[in-house]
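Participant: Spelled out, the chains give:
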Amino acid sequence: MSEPQDRVWEVFRQEAEGDPMVHGGSVRAPDEELALHYAREFYGRRQESHRLWVVARDSIVELDDPDLLDPPFDRSHKRPGGYIIKHKLEAAKARAATTGAPEVEE
Amino acid sequence: MDLSTPVRDALAELLLTLADDEFVLGYWDSEWTGIAPMLEEDVAMSSVSQDEIGHARAWYELVASLTDDDADRLAYGRAPEEYRHAALMNHARTDWAFTVARRFLYEHADAARLESLARSSYSPLAELAVKMRREETYHLMHFEIWLRRLAEAGGEARERLAAALERLGPDAATVFSPLAGEAALVEAGILPDPLDALRSRWLERVGPVCEALGLPAPDGAAALPPDGRTRRTDEFAWLHGELTMVARSEEAATW
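Chains as they are written, first to last, in our numbering: chain A, 1 to 106; chain B, 1 to 255.
It should be emphasised that the hints constitute simulated quantities derived from the structure, not laboratory data.
Among the hints, a few may not be true.
As the list claims (entries may be wrong) - Estimated spans, in silico, between C-beta atoms of each pair:
| id | chain 1 | residue 1 | chain 2 | residue 2 | range |
| --- | --- | --- | --- | --- | --- |
| 1 | B | Trp255 | A | Gln47 | 23 to 29 Å |
| 2 | B | Ala222 | A | Glu32 | 34 to 40 Å |
| 3 | A | Glu32 | B | Ala247 | 38 to 44 Å |
| 4 | A | Arg57 | B | Pro226 | 51 to 57 Å |
| 5 | A | Asp58 | B | Ile35 | 27 to 33 Å |
| 6 | A | Arg57 | B | Gly241 | 41 to 47 Å |
| 7 | B | Ala222 | A | Arg28 | 37 to 43 Å |
| 8 | B | Gly207 | A | Asp58 | 37 to 43 Å |
| 9 | B | Asp68 | A | Gly18 | 47 to 53 Å |
| 10 | A | Gly18 | B | Asp227 | 55 to 61 Å |
| 11 | A | Gly18 | B | Lys131 | 24 to 30 Å |
Claimed, not checked - Heads up, simulated SDA-like pairs for lysine to any residue below, C-alpha to C-alpha not over 25 Å straight-line:
| id | chain 1 | residue 1 | chain 2 | residue 2 |
| --- | --- | --- | --- | --- |
| 12 | B | Lys131 | A | Gly44 |
| 13 | B | Lys131 | A | Glu17 |
| 14 | B | Lys131 | A | Tyr43 |
| 15 | B | Lys131 | B | Ala71 |
| 16 | B | Lys131 | A | Ser49 |
| 17 | B | Lys131 | A | Arg51 |
Claimed, not checked - Here are some chain B residues the structure puts well away from chain A; computed CB gaps all over 12 Å:
| id | residue |
| --- | --- |
| 18 | Glu61 |
| 19 | Asp70 |
| 20 | Gly77 |
| 21 | Glu115 |
| 22 | Gly169 |
| 23 | Asp196 |
| 24 | Ser200 |
| 25 | Gly207 |
| 26 | Pro216 |
| 27 | Pro225 |
| 28 | Glu235 |
| 29 | Ala252 |
| 30 | Trp255 |
In this text, a Cβ means the ideal position worked out from N, Cα and C, and glycines have one as well.
Okay, chain A solo, but in the shape it has when bound:
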């Protein structure tokens, strides 16, 4: 008799129609059918899920390369926070106070 080949399955759940699917956790099961049943028992038997997605962990394409995800150079210009606009905003406010805000036309 061969030993069952268990696989790990990642379970994503949706609480209500239209909500994003969020990772709930994982289950171990020998095949897709039982993985669905176990996902239902672990993440849906208390009516807490509107929908479940079950994905074999070994079907997931992973990227965790630090050269790509955490590059050595300053890449802060790729983030909104990389732009300091506080001083520009203050200057603009001061200008508006001295010259007066443009009148709204009737």
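Since chain A is already given, all that's left is putting chain B on it; use the hints.
Facilitator: Using the frame of chain A, we list chain B on its own:
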């Protein structure tokens, strides 16, 4: 719906068979909690067993409403010989293959029965049957998956499964043992199909599944024993002692 006394009594007897089947099987299989083949199955099996106790509760409440009784008394206050579950539920939990074999045979029998009862003229019964079918469909799928897995695994798993099916086949048919007031229930449309007709439908479902897997199917030609729902075993007497233990510990208590 106005029920004459004989029809009401027959209906209460039918409901009691439904309740006791679910109740006793739920208790047997709840024994897998903590020792099922794998953690995931442990949780699934416990949940399925809990579903069955829930179904039993609904049936007991319906019996109690007809006979001016109490659901808790029906569940925990009867002597072993007063239970009306089919002989299939007399057996101890045994091993996983035995549990899967019993579940496969029972879930198909229950499906044939509920499918018919969903059309009952007695609406409280029909409504419950409709609700239960939604959960029982999942139970049936679950144990068919396991039946197939054990059969296809070969070796000891397959041998144990085949032996269990062989042993349980005759007792499984007792789910369809005739009831004293059955003719009156069929007449009133409360039981839309005679139990014997439901037995044939059950055989039409389990037969091909067993055949495809090369497993022994229940014998459709065998006569049903007259004590199919009254025979009690030492194994059941033990379970009865276990499941009534807490209720007996303080009989006047309100739970």
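Participant: Among all the numbered hints in the text so far, which are the ones the structure does not match?
Facilitator: The structure breaks none of the hints.
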